[in-house]
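A.B. asks: Here's the letter readout for the chains.
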Amino acid sequence: MIGPLIKGLRITFGHLFKPAITVKYPYEKREVAKRWRGRHLLRVDEQGRELCCYCGLCEAVCPANAIRIYGMEDPTFTRSDVGKIAEIYEIDYRRCIFCGFCAEACPRGAIVLTTDYELAEPEREKLLQTKEVLLEKR
Amino acid sequence: MSTVKVTIDGITVEVSPAATVLEAAKVAGVDIPYFCYHPHLKPAGLCRMCLVEIEGMPKLAPACVTQVRDGMVVYTKSDKVRKAQEGVIEFQLLHHPLDCPICDQAGECALQDITFRYGKATSRFIEEKELYPTKFYGPLIVHEQSRCILCKRCVRFSTEVMGGADWNVYWRAAHSIIGAYEKDVVANYFTANLVEVCPVGAITSRLYRYKTRIWKLEFSESVCPNCELACSVDLGVRENRLYKVKHNNPHPTPWMCDKAYFAFDYVNHSERIVWTLKREGDKMVSVSSSDAVSEIASRLSEYRGKIGFVVDASVSFEDALKVRALAEALECRDCDYRVYGEDYLPLEGSVKSLSDIESARAVAVFCGDVGISHPVLALSMAKAKMAGTKVAVVSSFDTYLGERATEYIVPLPSKEADCVEALLDGSYRDDLGVDKSEFERVLEIVKEAEVFVVGTRADAYLRNRIKGFAEGAGKKVLFLNTGSNALGMCRAGLFSEGVGNILEKVKAGELKALFVFNADLFNTYPNRELVKEALESVEFMVVSDVFFTDTASYADFFLPATTFAEADGTVFDLFGNERKRKRVVVPTEDVKDISAWIELIADAGEISLPDVQEKEPSVAVVEKKAEPLDGKGLEALVVFPFYRSALYSNWCSKFSEVSSSPVVHLSLEDASRLGVSKGDKVVVESSGLKFEFEAALEEFLPEGACVLEAGFDRFPVTALLKGSWLTKVEIKKA
Ligand code: SF4
Ligand code: SF4
Ligand code: SF4
Ligand code: SF4
Ligand code: FES
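If you read the sequences in order, they're chains D and V.
This note's numbering puts the first residue of the first sequence at 1, with every later residue one more than the last.
This note's numbering puts the first residue of the second sequence at 1, with every later residue one more than the last.
Please note that a few of the clues may not be correct.
[As the list claims (entries may be wrong)] Below 25 Å or equal to it, Euclidean Cα-Cα: the simulated PhoX-like pairs (lysine-lysine) are:
1) Lys131(D) / Lys690(V)
2) Lys306(V) / Lys624(V)
3) Lys722(V) / Lys624(V)
4) Lys131(D) / Lys211(V)
5) Lys447(V) / Lys476(V)
6) Lys733(V) / Lys690(V)
[To be verified] Stretch-level coverage of chain V by chain D, calculated; a stretch enters the list once three of its residues show a Cβ under 8 Å from a Cβ in chain D:
7) 100-110
8) 543-551
No lab work stands behind these hints, which were simulated from the structure alone.
On a predicted model such as this, the values are computed, not experimentally measured, just so you know.
Even for Gly, the Cβ is constructed at its ideal location relative to N, Cα and C.
Bound-form chain D, shown alone (with noise of 0.2 Å):
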């Protein structure tokens, strides 16, 4: 009867003086892994033009419907190396599952899945992201 009462506090006891696993989030931060697949970057290059050329196979590929994007034109190049921009790029975190197959399927490198974990809003509409936040410019 008393057996497993002092085993189990044994074990209890003993935790107490072993070094936490747990870390003081916020106040520290884990090391993530480089391969880290965390909220989204759209990229751009060495003179701050888009890369993504909205040829839409993230769009296509992701298996959760989180990817939004319309295209436009970019007559004066200004924007884009190759003419076509998109307009409204959005990921929606929502629904996002955080494959990484967007990244896979981009042939431009523009889409790319970051280290950062810190998803959390203060409401559900603010998990839809436009390119505004995922540009790399902002």
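Knowing the structure of chain D, use the given hints to seat chain V with the ligands on it.
C.D. replies: Frame of chain D, contents of chain V with the ligands only:
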């Protein structure tokens, strides 16, 4: 007809001896890849993608140009064929930029699909690819030579179907490029087909360019709302917005015109009024639709028997019936659809399909610009002409068919009808002012003609005259009407003595209230002063339209209306067939079709709508109108140019951009007398009104006539008119 047996990949089929191996393979259900073959163009054998192995032939043969023989045995999947296919694709891709991520054709591109299925994944070509600059041919299309595979489908469309040689191949061999020679704008009413026939993304539409991807669009079949041919179109919608209109069904012809392809973006226009508006003093304020409906209903009883109804001929048959039901419930007889001031109703003319025209030995076309009013009909006549049909055109102004006709008379606008009558009488008269030998040549064709096509300018008298003549002579006639559902309007009984009569009655105070559906009378009725006086004197007016037009600015209530893509409906095409419009876009709550508005009004006013039946038009015998054309100067015919002739063209961005400013067409003689050359600004003056036009010189126009373009935003040319589209003006160089 005898048939021959062909075996393709082990499947034996019987086909006509005139068929090609490719057509036989289609019958057998065997897939042969091709680029340059097009079911409605002559085979060219250019791309070599369709190579097949035929027993007994030492070399591979192109299936699209090889005719079948009895007992022929064809292999399409042998190693030899596979190797050839891989080789052809490798060649096609040598200089191809492979920029599918940017290209608008990706997803519906033959090169992409065929490479994926038949090509190799790697290329041995490591040299630098040749790149060509992108060329924008005006607001409608863009040509990217780098992507072109030189299949010449576009060139064959231009030369075989459209009949103009300016879109062609320039330079030779590896340096060949496709395009229009020394021309910066290509807008020939049928530009859309260049985009549609191009199997790759070399010719693309600037309206659709880069907006979305083809696989995001959901297509549903509907009909084009712009003319009576009611071509079958596929409407491509994404997220409840219309992005693309495509022709996908060879009905009535395999081709379409620019109105359908480029003039639909008004549906998404930001200036559309999608709220119900009510007049308060000088201002229109937004009200809830239920308030508006009950207020309208409460005013109606006051005007029982004194209401006029004007409806544009593009609305659906169901809507027209509802308008008539409301009119009958309110004991009103004055309802009409002829907003262009026409005096005629659709006449039955015994032509039952386009093939009647295409198979005729000779066709005569009278009084109209078929290229503008019924584009695809003009195209099919131009094509028939190239196949040997004789086409005679009698018209004062014809921008498309005229140049392509076998024989052509250009009378003065005031003599146009007389000229046709003289042809029917078979005798030349000096006062017609046309060349006698020309007249004789046209007369030959008119005598021989199996079909008469009567254009929209012919009035009721002439129509009856032609009908009588044709019945006597055993010829078929096709009567063309303005508006895409004139036949439906007429069947719904939505006609009285004409819109002009309604306006006169309003002006005289006989009618006190007016309902106007989808029509901007200031733009369409050829007497602006009458419209203005009528609308100023009307006590109560309800306008239902898509945009807040000049007419709407006189309204007491404005009810937002649906467009062709937002409501189901039936229309009747030129040949009397029933065609269905489909609702593919769901409009916002306040936007309703005419039927819905009328039902709401009837409910609110406790008006019971009677069940109205179709009405047979009474064909009245009309006297010849003999209004002398008075005034000084040149005879001026006012017309809507093609790029202003589609519904709401002023709100179609790329389409309206093609004709950016109104043009006056002058004959060479008048131009040299006035010292005007092409592109000069000229002032057109009549009864104290002045308009500034840009001059264009027209070889075909007779001396003493000019043509003014109407339909431009904030350019009220209809002010020059007094009930007919013909007037006299004085022209000066600005
Ligand atoms: S990570 Fe996966 S789920 Fe998230 S947007 Fe990309 S493809 Fe879609
Ligand atoms: S796959 Fe890349 S280039 Fe294509 S739309 Fe997505 S982010 Fe843009
Ligand atoms: S532009 Fe298109 S249709 Fe014309 S030749 Fe080139 S690939 Fe063929
Ligand atoms: S011919 Fe008439 S119905 Fe056909 S696409 Fe053109 S406007 Fe529309
Ligand atoms: S399809 Fe036969 S050669 Fe092009």
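A.B. asks: None of the hints should be skipped; say for each whether it holds.
C.D. replies: Cross-check of the supplied hints:
1. Lys131(D) / Lys690(V): violated, 51 Å
2. Lys306(V) / Lys624(V): Distance ~31 Å between lysine 306(V) and lysine 624(V) Cα, so the pair is violated.
3. Lys722(V) / Lys624(V): holds, 18 Å
4. Lys131(D) / Lys211(V): holds, 16 Å
5. Lys447(V) / Lys476(V): holds, 12 Å
6. Lys733(V) / Lys690(V): holds, 12 Å
7. 100-110: With 4 residues closer than 8 Å to chain D, the segment 100-110 of chain V meets the three-residue bar; holds.
8. 543-551: Check failed, 0 qualifying residues.
The structure fails hints 1, 2, 8 (numbered hints given earlier, in ascending order).
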